[in-house]
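Taken in order, these protein sequences are the chains called A and B.
Its first residue numbered 5, the first sequence is counted upward by one per residue in my numbering.
Its first residue numbered 69, the second sequence is counted upward by one per residue in my numbering.
Hints are computed from structural coordinates only; laboratory data are not their basis.
Worth double-checking, as some hints may not be accurate.
Here are the simulated DSS-like cross-link-like pairs (lysine-lysine), alpha carbons at most 27 Å apart as the crow flies [what the hints assert, rightly or not]:
no.: 1; chain 1: B; residue 1: K140; chain 2: B; residue 2: K169
no.: 2; chain 1: B; residue 1: K400; chain 2: A; residue 2: K76
no.: 3; chain 1: B; residue 1: K222; chain 2: B; residue 2: K243
no.: 4; chain 1: A; residue 1: K185; chain 2: A; residue 2: K116
no.: 5; chain 1: B; residue 1: K331; chain 2: B; residue 2: K353
no.: 6; chain 1: A; residue 1: K59; chain 2: B; residue 2: K152
no.: 7; chain 1: B; residue 1: K346; chain 2: A; residue 2: K59
no.: 8; chain 1: B; residue 1: K201; chain 2: B; residue 2: K346
no.: 9; chain 1: B; residue 1: K400; chain 2: B; residue 2: K422
no.: 10; chain 1: B; residue 1: K201; chain 2: B; residue 2: K152
no.: 11; chain 1: B; residue 1: K110; chain 2: B; residue 2: K304
no.: 12; chain 1: B; residue 1: K201; chain 2: B; residue 2: K243
no.: 13; chain 1: B; residue 1: K142; chain 2: A; residue 2: K59
no.: 14; chain 1: A; residue 1: K59; chain 2: B; residue 2: K222
no.: 15; chain 1: B; residue 1: K346; chain 2: B; residue 2: K110
no.: 16; chain 1: B; residue 1: K169; chain 2: A; residue 2: K59
no.: 17; chain 1: B; residue 1: K331; chain 2: B; residue 2: K303
no.: 18; chain 1: B; residue 1: K169; chain 2: B; residue 2: K201
no.: 19; chain 1: A; residue 1: K59; chain 2: B; residue 2: K481
no.: 20; chain 1: B; residue 1: K242; chain 2: B; residue 2: K359
no.: 21; chain 1: B; residue 1: K122; chain 2: B; residue 2: K304
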Amino acid sequence: MTELAAPGLAPSMRSGRRFTSQTSALLLMLPPALVLFTLFVALPLFDAAYYSLFKWDGYGTPTDFIGLDNFKQALGHAVFWQAVRNTLIVLAVSVFVQLPVALGLALLIYEKTPANTLFRLIFFLPFILAEVASGLIWSFVFDGNTGVAAALFHALGMEPVFILADRHWAFAAITLVIVWKYFGFHMMIYIAALQGVPKEMLEAARLEGGGRWAIVRHVQVPMIASAIGVSVFFSIVGSLQLFDVVIPLTNGGPSNSTHTIVTYLYTFGLTRTRIGFGSAVGVMLFVTAVAVAVLYQRQISKGGRS
Amino acid sequence: MKRFSGLPMLGAASLLATLFASTAFADVTVHVLRPEVPNTEKAYHQKMVADFEKSHPGVDIAFEYIANEAYKQKLTTLLQSDQKPDLIFSWAGGVLTQQAKAGVLQDISASVTSDWSASIANAGLSAFTVDGKVYGMPVNASDVVFWTNLDLAKKAGVDPESIKTWDDFLTAVKKAQAAGITPIMVGGKDKWPLHFYYGYLWVREAGKDGMAAAMGGEGDGFASASFVKAGEDFKKLVDLQPFEPGFMDTTFEQATGQFGDGKALFHLMGDWEYGTEKQNSVSGKGIPDDKLGTISFPAVAGGAGEATDTFGGINGYAVIAGAPPEAVEFLKYMTDAENQKLAGAQGLFIPIAKGVEGSIANPFFRKMSEALAVSKFHQIFLDQALGSDVGATVTDVAADLAQGVVTPEAAAKTVQDAWSMR
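Bound conformation, chain A alone:
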C-alpha cells in the first residue's frame, strides 16, 4: 500500500546536447515519470491516508467516518506491538549479525581468484532464489517429521523439535532464514567496494608494518564506509518491508507471534477486509519509512561536509 518512494524516479535533469533548451527536455521527459509516480505512488498514498479515517470493508464508498479510531485500535492491539518488536528484531539482527558476517566473508574472498569466484557464487545463491521459494524450502528444513532439522535432532539422540510450531522459537528461525537469504547481497556490495580500494594503499600499509587486522580496521573498513552506509540503509528498509519470507514459513503464526508490520497489515487489513484499518497501519509504516529516509539523507550530507 505504501511503498517507500524510490529515489531517482524523477528523470535526471542534465540538459542533453540534442535539446536546444532545458525546457523542451523537461516537457518531453518529465510527464511519463510524473504520471507514473502520481498514479502509482502519490494517489494511492493519499487514498490510503483518506481511507485510514474510515471504518470500511472495501465495498462501495467509505462513509463511516471514525477519525483516528483505526490508529487507536492498532496502537492498542498487542499483536501490532508484537509485529513492531519483531520488525525491530529483524532490523537489529540484520545490522549487527548479518552485516558483520557479510563483511567478514567479503574480506576473505574479495580478491579475484577462481576459488573466490566459486565461493562468491555459492554465497550469492540464496539471494537469487525467490523469497517464497526460500521460505518454502526452509519450512521443509525445519519440519519436525521429515526435515533436516529433525534428522539432526535424531542424530543427537533428541526428540525432534517443531521449531516453526513453537511460539518462542519460530521467530528466531525466521531471522536465521533472513540472514541466510540476504547476507550474500550485502557481501557483494562490500566486495565491489573492497576491490575499489587502491592496492598501493594496502601495500603501503603492509610496508609500514600493519598486520592483517590493522589493515582491515584502519584502511579497508574506513575506505568502504560509504558502501557500509548503503548496506545499512538497505537492511533497514528491507526489515521494514519484510513480508514474503514470513508468509510461507509461518503465515504470522503460531498465535500471531511472528508477524512483521507488513504481514500484520496484510492479515488484519486485507484478508479480514478491514481496508480502513489496514490503511491506518500502512500510513504509520509509511511515516516510519520516510523518517528513516530523511535521517539517512541527513547523515549522508553531514558525512559529505566533514
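Let chain A serve as the given structure and place chain B on it in line with the hints.
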C-alpha cells in the same frame, strides 16, 4: 466447502486472460465465476452448460475458475468493476450479507417460485436469504465429522459407534494414547481446522437459540456462559495433548495426507476429506473404504444444542446486480433434482435438493446427507458465518486455545469484543 491452496497468481492471471474473452455470438452470455474444482466437477458443469444451451437457444454460459484464496481476495474489487460476472460461487454467511448490504447482489425473491424454494432444504435457502430477501441458491452442503481409521480404532480398543458424548470421545483419546497411537491429526497452521472443534462445541453448548442470541447481541453475547463452557470442553481435550507433534506447523494438506497414511485415529473434517486423504497420502490411495468410518460430533452433557445439530458449509451461487434473467434461469437449472442427483451419483458433492439422498453413491456422503436431512439447526462455518474479520478472530482464538495460551474466558471475551466492534 472445498479449500485449495496455492497458485493464486496463476489463477488470477488465467482469470484476466480468459474472463469474458470467450463471448461467442450468442444474444446473452451468463458468466459464472467460481474457485477451482477437480476436473470431474468441471465436466459436470460442462454437461449442464451444454444441456442448458441446447434448450435455451441464444444463451451462452461461461464458467471461469480461479484459485481459492485468489478468488476470495479478488471478489471485493471485481464485484464493483465493469468486469463483474453474473453468478458467483458463495459460501453464504457473513460475507454474503456484506455483499448484499453493499448492493452488489441482486434480490431474486420475485423469481423464486414456491416449487423452487420447496425443492431446496430449508437450511440451504435461509443461508442465502438476508433480511427476508433471497440473493442466491445453494447447491451443496457439507457436514463436519470425525473421520476414523478403523484399523487403529481396533488396535486401541475403541468402538467408534459407541462414542456418543464428549466424555466418550475423551476416553477414546486416552485409550489411543495408551496404545501408542496419535489420537488426532489436525492442520493447526491453517487455524480453520482447529475452529471446527471450538465451533462445533459452541453449537453443542449454545444451540440454535444461543447462537442467535449471541449474534443478536443479547446479554453477554459470545462471552456468555455457554460459550465459555465450550472453551472449557475444548480445553479438556487439549489438556490431553491429543494432536500430532508439531500440529501448529502442519497445514491441512499435510494433515489430511498423514491421516491417509494411517498416522492417527481421528481427523475432524468435512466431506472433502474423502478425496484429499487419498490424494495427499503417500500411496495415493489413502485408507481403504472398508477401513474408514465417520462418527458425528459427540453431544455434550447439559448442552442446549441437540445431538443432531450439524456444523459445516452451505455453498451455492449468488446472483450479481445487473445480471440478466437467464442467469437466474441457469441457477434454477443447476439446482433441479436431475442435476443434483447426477452430482450425488458421481460423488462430486453432497447435493442440497430435497429427496435426492437416495442417489448418493458414496456411503460416507449418504450418511452425511441423512444427518443433514434430520438436522434442525445447521451452523455454517464460523469463519464464513461471522464475516471475514470476526471469523478470523474465532480461528485465531481456537488456535490459541489448542496451544493452551489463553483461558476459555479470555477466548470468549476476545470473540465478543471483535463481534461488538465489527
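Now for the hints, and whether the structure bears them out:
Of the supplied pair hints, the one linking B/K140 and B/K169 holds, its CA atoms being roughly 18 Å apart against a limit of 27 Å. A threshold of 27 Å between alpha carbons decides the hint, and for B/K400 with A/K76 the separation of about 48 Å lies outside it, so the pair is violated. Among the hinted pairs, B/K222 with B/K243 is consistent with the structure: their alpha-carbon atoms are about 11 Å apart, no more than 27 Å. Straight-line distance between C-alpha atoms of A/K185 and A/K116 comes to about 24 Å, which keeps the hinted pair within the 27 Å bound.
The straight-line distance between the Cα atoms of B/K331 and B/K353 is roughly 14 Å, inside the 27 Å bound, and the hint therefore holds. Restraint check for A/K59 and B/K152: satisfied, since their Cα atoms lie roughly 25 Å apart, inside the 27 Å limit. Only pairs whose Cα atoms come within 27 Å are accepted, and B/K346 paired with A/K59 is rejected, the gap being roughly 44 Å. The hinted pair formed by B/K201 and B/K346 fails the criterion: a straight-line CA distance of about 40 Å is larger than 27 Å.
Restraint check: the Cα-Cα separation between B/K400 and B/K422 comes to about 14 Å, which is no more than 27 Å; the hinted pair holds. Restraint check for B/K201 and B/K152: satisfied, since their Cα atoms lie roughly 21 Å apart, inside the 27 Å limit. A threshold of 27 Å between alpha carbons decides the hint, and for B/K110 with B/K304 the separation of about 43 Å lies outside it, so the pair is violated. Annotation: proposed proximity of B/K201 to B/K243 is violated, straight-line Cα distance about 50 Å (limit 27 Å).
Straight-line distance between C-alpha atoms of B/K142 and A/K59 comes to about 20 Å, which keeps the hinted pair within the 27 Å bound. Straight-line distance between C-alpha atoms of A/K59 and B/K222 comes to about 55 Å, which puts the hinted pair past the 27 Å bound. For the proposed pair B/K346 and B/K110, the alpha carbon gap of about 20 Å is at most 27 Å, so the pair holds. Distance hint between B/K169 and A/K59 is fulfilled; the C-alpha atoms sit about 15 Å from each other, no more than 27 Å.
With a C-alpha separation of about 23 Å, the suggested pair B/K331 and B/K303 falls inside the 27 Å cut-off, and the hint holds. Proximity of B/K169 to B/K201 is assessed by CA-CA distance (about 11 Å); at most 27 Å being required, the pair is judged to hold. Proximity of A/K59 to B/K481 is assessed by CA-CA distance (about 22 Å); at most 27 Å being required, the pair is judged to hold. Distance check on the hinted pair: B/K242 and B/K359 sit about 21 Å apart at the alpha-carbon level, within 27 Å; holds.
Taken as a hint, the B/K122 and B/K304 pair is broken in the structure, with Cα atoms around 58 Å apart against an allowance of 27 Å.
Of the numbered hints given earlier, the model fails hints 2, 7, 8, 11, 12, 14 and 21; all others are met.
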